[in-house]
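Full structure from sequences and hints, please.
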Amino acid sequence: MTPGPTNVPSLVRDAISKPMIHHRTPEFKNIFSELTENLKYVFKTKNDVLILTSSGTGGMEAAVCNFFSSSDKVIVCNNGKFGERFVEICKRYGLDVIELKYELGEAAKPSDIKNNLDSEIKGVFVTQSETSTGICNDIKEIGNIVKKTNALLIVDSISALGSVDMRTDDWGVDVVIAASQKALMGPPGLCFISVSEKAWEAYKKSNLPKYYFDLGKYKKKSQENETPYTPAISLIIGMNESLKIIREVGIDNFLKKHEKISEKLRRGLIEIGFEIFPRSGLKNNGLTVVKSLPGIDSSVIINAVKEHGYVIANGQEELKGKVFRIATMGDVEEKDIDKMLDILKTIVKKFA
1 MTPGPTNVPS LVRDAISKPM IHHRTPEFKN IFSELTENLK YVFKTKNDVL
51 ILTSSGTGGM EAAVCNFFSS SDKVIVCNNG KFGERFVEIC KRYGLDVIEL
101 KYELGEAAKP SDIKNNLDSE IKGVFVTQSE TSTGICNDIK EIGNIVKKTN
151 ALLIVDSISA LGSVDMRTDD WGVDVVIAAS QKALMGPPGL CFISVSEKAW
201 EAYKKSNLPK YYFDLGKYKK KSQENETPYT PAISLIIGMN ESLKIIREVG
251 IDNFLKKHEK ISEKLRRGLI EIGFEIFPRS GLKNNGLTVV KSLPGIDSSV
301 IINAVKEHGY VIANGQEELK GKVFRIATMG DVEEKDIDKM LDILKTIVKK
351 FA
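In terms of this note's numbering, the sequence shown opens at residue 1 and continues consecutively.
Be careful, since some hints might not be right.
[Unchecked claim] Capping the alpha-carbon separation at 27 Å, the derived lysine-lysine pairs in DSS-like fashion look like this:
no., residue 1, residue 2
1, K291, K101
2, K210, K221
3, K109, K140
4, K198, K148
5, K220, K210
6, K114, K73
7, K320, K339
8, K114, K44
9, K283, K109
10, K306, K81
11, K73, K204
12, K109, K81
In short, the hints are calculated from the structure, not lab data.
Next up, the structure:
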């Protein structure tokens, strides 16, 4: 129950283990076409959704180098490690970054974006679910502000899509980045990017270097249900099976499941005596960050949980040793929440 990679359903594992097929065949093209349509369903978009063999960070880099030019002025919301990563990528490509940095556990304030959003701003970068702190930014409200301007709204939904609602079209999000190994219940190795028409217009003007991550090449090939380079064929086959599961359940029901089990987890943790890491913003139904017991390094709790057959994650950087993180993403069910709470009750009694 870590923030990724997450558990993969047996049907997906079986699909991945099938004999290899060639990626320039009708068989693969049919799978690729179906996966693309299933992704549009989950993204809630009619925009292009492109499939890259890459980690989510590759998608973040693609979102920078495809839609901007050197010295472009952008706003980046930094709520933690992954907001910080956007800052680093933008600066590496020579963009002029206005960094809105927040205390750990604090959500981005849409008013801060509005106050900095002048006619020179070409893009606004936001992380939907910041897995280092557990906060969840309000993309709907931010979208309502940005879509009235010429700026692009770029959202890292890597650890949110599938566990937190993302209404790409309704909220006016121009570029959404997701990855296979989080709530979408696949192994690591695939990145998905939705691109609006507004973003494609910006692509035409971009002068930043790009080769493997040139999204124009992916768009052209996707029209033939192919990729410009050799893709992770087995992962694509497995990912399609995962999205068929989600589609059969219904994306809104899938989101409700995450809401239900994460609420149960939070209530149970508080009843046991734990304190949820302070945060503002929306509820994060994919991840709960928990303060460690007083005077006890969180790694002690993590190791004790592991002895019972479950894996949870430590905090990152400044929060390492102070918090532990329990994800409700992926193939996690209510019985897993019950078991986790029982384990933590036992651990608390041990240290009482």
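Violated hints - listed by number, lowest first: The structure breaks none of the hints.
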